[in-house]
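Chains as they are written, first to last, in the numbering used here: chain A, 1 to 344; chain B, 345 to 688; chain C, 689 to 1032; chain D, 1033 to 1376.
The set of hints was computed from the structure by calculation and includes no laboratory data.
Because the structure is a prediction, the values reported are computed rather than measured.
Beta carbons: idealized from backbone N, C-alpha and C, even for Gly.
There is no bait here: all hints are sound.
In silico lysine to aspartate or glutamate, EDC-like type, Cα no more than 20 Å apart, as pairs:
1) A/K154 x B/E642
2) C/K726 x C/D711
3) C/K842 x D/E1330
4) D/K1186 x C/E985
5) D/K1186 x C/E986
6) C/K692 x A/D188
7) D/K1186 x D/E1234
8) B/K348 x D/D1220
Facing chain B, a subset of chain D residues (Cβ under 8 Å, in silico):
9) F1126
10) A1127
11) L1218
12) V1219
13) G1221
14) S1225
15) A1345
16) P1351
17) R1354
18) Q1359
19) P1360
20) L1362
Protein chains: 4
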Amino acid sequence: MSEKPVVLVDPHFRQMSEIFSADDLARLHDQFEVIWGKDEPMPLDEARQALTTASAVVCADWRYGDILPALPSLRGILTVSGGMPRNLDYDYCFAQGIRILSAAPAFARPVAEMALALALSASRSISSNDRAMRVGQEQWLHAGNVGTFMLFNKPVGFIGYGSLARALQPLLQPFGCPISVYDPWLVDGYLRSQGVTPISLEQLLETSRVIFVLAAPTSENQALLSRTMLERIQPNAVLVLVSRAHVVDFEALTDLVVAGRFKAGIDVFPTEPLAYDHPLRSAENAVLSAHRAGPVEEALWDIGSMVIDDLTAITQGFPPQRLQVAQPELIRRYMTNTIKKVTP
Amino acid sequence: MSEKPVVLVDPHFRQMSEIFSADDLARLHDQFEVIWGKDEPMPLDEARQALTTASAVVCADWRYGDILPALPSLRGILTVSGGMPRNLDYDYCFAQGIRILSAAPAFARPVAEMALALALSASRSISSNDRAMRVGQEQWLHAGNVGTFMLFNKPVGFIGYGSLARALQPLLQPFGCPISVYDPWLVDGYLRSQGVTPISLEQLLETSRVIFVLAAPTSENQALLSRTMLERIQPNAVLVLVSRAHVVDFEALTDLVVAGRFKAGIDVFPTEPLAYDHPLRSAENAVLSAHRAGPVEEALWDIGSMVIDDLTAITQGFPPQRLQVAQPELIRRYMTNTIKKVTP
Amino acid sequence: MSEKPVVLVDPHFRQMSEIFSADDLARLHDQFEVIWGKDEPMPLDEARQALTTASAVVCADWRYGDILPALPSLRGILTVSGGMPRNLDYDYCFAQGIRILSAAPAFARPVAEMALALALSASRSISSNDRAMRVGQEQWLHAGNVGTFMLFNKPVGFIGYGSLARALQPLLQPFGCPISVYDPWLVDGYLRSQGVTPISLEQLLETSRVIFVLAAPTSENQALLSRTMLERIQPNAVLVLVSRAHVVDFEALTDLVVAGRFKAGIDVFPTEPLAYDHPLRSAENAVLSAHRAGPVEEALWDIGSMVIDDLTAITQGFPPQRLQVAQPELIRRYMTNTIKKVTP
Amino acid sequence: MSEKPVVLVDPHFRQMSEIFSADDLARLHDQFEVIWGKDEPMPLDEARQALTTASAVVCADWRYGDILPALPSLRGILTVSGGMPRNLDYDYCFAQGIRILSAAPAFARPVAEMALALALSASRSISSNDRAMRVGQEQWLHAGNVGTFMLFNKPVGFIGYGSLARALQPLLQPFGCPISVYDPWLVDGYLRSQGVTPISLEQLLETSRVIFVLAAPTSENQALLSRTMLERIQPNAVLVLVSRAHVVDFEALTDLVVAGRFKAGIDVFPTEPLAYDHPLRSAENAVLSAHRAGPVEEALWDIGSMVIDDLTAITQGFPPQRLQVAQPELIRRYMTNTIKKVTP
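Using the sequences and the accompanying hints, generate a full structural model.
Written out as structure tokens, the structure is:
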């Protein structure tokens, strides 16, 4: 009989080999009694039964129903996606000290790197000049730099200061850019302690040369960047959208970018794939990316590594240390519609 | 009668307003008795006459002939280009303590930023995915990331460790990349003291995931990156060429990039404009830039600012502090063909 | 009738003016309906009554008894000391989402600075040479540097990787020291993600040139640094003790330092004031500090600033952001003896 | 017959084993045909003869007389002290491209570390509290911190911005201190490009909480910090003197520190050893160090390492890269009295 902690690993839609490197897979099996651990979704009845003895479950979402009170040994629910599980009784978990974790931090670095890449591609006209060279219409030297600018020392604005912002901030550090932040969930003193300046959204848009949209979608920030707000952006500024299209009035964004009001690097869209006749597809001022910021090989393996680390922490009786921890104050703000209550 | 130091400012092919901001222009006239200071080239006879009383000359090249022994007050020759003046008797200047300076440092930051931008555009497939989106052939999410990689912690190689490299190094610092350097002009102990690892060119090419070609052209490094050398580069690595095409067997580079052996970000070409039917113009694996890394507005104003700072230093009897100082050991290596001797 | 959140501020043993700058005091009253807010302890009955309407309480400890279920609006308990409140039903708070916070983070920077100061004073013999000069027995130049060493690149060990360690790490960064960490509460992957190397306590003691004892006292680490462990320390290494004497076999430490086995910088003692005839008081190899690392003016004002910031966060429905948050998994480890349960 | 470059190594007053580690000694002999290489001074006639075939000489000073024109192969004169050689015809060397180098950079890091150590010892009262504990008169906790301050964010002033300052600046970086600099040899634009603020000496003294005296002694800066200047220092500020006592009116400094006007960390004195009855020896506000900042083991080995690196560079025809290079504009300012001219 094994004395290792029992964990249920049921990661579908992710595949085992996608999130666990060979070394990590060995580590997983070395440290835990792994139930399932296959690519296909575990049959529901079987999963519910197995959960009754599991210390933790690794899954893509909570699809096991209202069975929490029947799971006395459960200490953690770890998702392998970037979001928090849906259809889960969070209050019950909080009251019982069951940790609910998302893999969002695994995506912070790749998205931050992409955000910088999109910003530089727009500010230095990398993609547009490359396109021009392919049709023999490029301008050389100074003439090719009209409208470009260097990032060094330019005022930068972050909309949202979560894990993406914290991963992007060090990448900008050598450029010496003063960073202003709009994040209504964070108090000014915290932002200042992180070396950034709290600012209103209006001021941020009016004063920043590069604006990074990094806010997670919430019930409060749909189309936060309305047409009126977007119109405050400086001519020739750069807007980089890497968190979610939800945060932006995308039609207004499209109009303004197509009209050449400012430049934009865009990785996320309201519908994906973007319609083939969408006007952004021919906008000279845009750098377009097909939702590729997060899902890179290294990030997916970071999920596996972080999951094992936090399984270790939780099953040894310590707080989770690498994944994002659901906070009672925020969970409803992220996902009002999807929360269930099972206990009366 | 003015007691300000007399300086001759004859910057053609640069224009005065291109290199001096309004503030710097005022500073220039405030601190110095400026002769000429116009966009057109100063008539030669007039210039030669003026030089007899000048403490320093700001120019694009040395076009004043073999008159150095007739210029007793001359303490500095400052070029507004990125190169050292040609047709100048360097030995005479070194013996007399006349400082010869180039504006190369003004270009270090913009070129370094462009080098990072090209590297990220290649490694994360920014430009190629953007191109694909414009013709409706993009891949989304993971599928769009095949062959891409994150820069974090990847081994990086610098070919050449001069001002470009020293400006690029801090931009890479937050990515945690170990940096190897091949620079035959620098001793290992110096390189190690700068936090980089000296390495042979062969090893650099074989082990680096991103290779930055940053070496200035010399009489010794033409086609240093020969076909055989280029073939050592890893599949799917990224080569960024921002210093000079001189350093590379460009035909071999073209063949290998067109064949998809590795990726490349290229800002400089053996002939510019690049021939309209050049195969690189349709190479999927290339990010092309029309020699735009250096000549950005901010860099040109830095030239003016640095020139005034070093005019101040030199005319007050101090060593120059901001521009690049010609070194006796190196000057012939940079430009063997162009050096003249006027004194017997 | 005020619409500001009601907070009870009862900071005794701290004084109001000690923790709140004039600006912060104004901010406190501007944002909150402050009850009490005086230096003396609030009379208990009065305090219990006031708590029934308070959103949060700022206090030095929980001295209000088993009244939590009668406090429906309470969202936070914020201490102005560096510890967690005693005699509190933590389970009830966790279940109800009442945040329990300590001001420990306000002390992280002053203690980290003191730790570096003690390390340098020991490694470079600052205090001992200064003492020698006062009695005319100093050695000059090289002779005065026998047994000293530079911190640059020396292996450093941290015992404990909490807020002190995270504040000390950036101070050591320019010295290029590789940092190893022993912290049994943290998983290896987390430590590696912070740029430090997990290591066993034995190895840490044997390989580190400077050892920082930064662990908070717990029910598990009393005299963790036993005599046997301390004897593993290298000759001429430096041990810096700034968290708690609890962690060390202090008699053994005294013996070894008095015997000259290694050097030590010590800010905390098992009994304070240290006995006047204690042998450490004449130990040549020790740098002694009278528990002065934390209580500096700037740190105390940081308490006030952090308290107001987190009162703001909590009363607006957000998670606390600046103070240390009690974690269910750890709270019993810190303070087993002092926890009460009020609810059956 | 050897083809290695011939170098004369005559380092007395330093000893060979003091400056060359075993590895470096092997490297020296591996790369060069070493003449002499012993601890005793080489007999003069023998040395002069050997110099006629040497590519470079490693020495403590130039004691070989007016023989430069007879040394056709000499490319470098490298001192193993922190100063430039005396009794040398610098003009001849500059005209011939003979590099003159001092080992000052080897001392930059140990002196910078000591400067920080002295600053912290003064600002946090490390040495004074340690002294108090040895006589049972210490104050504990807050009471022991009266008059102390944290370095974080405090305005710092550098007097002199040479190699010491550049080594100290990164050590202060994590403390976030704004740094002002007074250095009349450097132009404002250069200082700003290094991230520091040029300032007048008066303003520096009046506004800095910690003042570092880092200027090398010159013919222009004797007693630059006069009594009047020193009186501008803020009450309770800290002055750290690590370059040379030459720069300060030492009697005035003594009076002010003894009177408790400000604190001081002092490593250098006008006469050494300091008189046994000197009032500084009992000044409560001083931290005293017996000229120990520079001569540490690691720094001396850095001399050897740097010497070999620059011998390599020079004999291969490259500029020196690690030691300090004599500059024509500055050499007379450093040492007017000591320069000789041999050529008519």
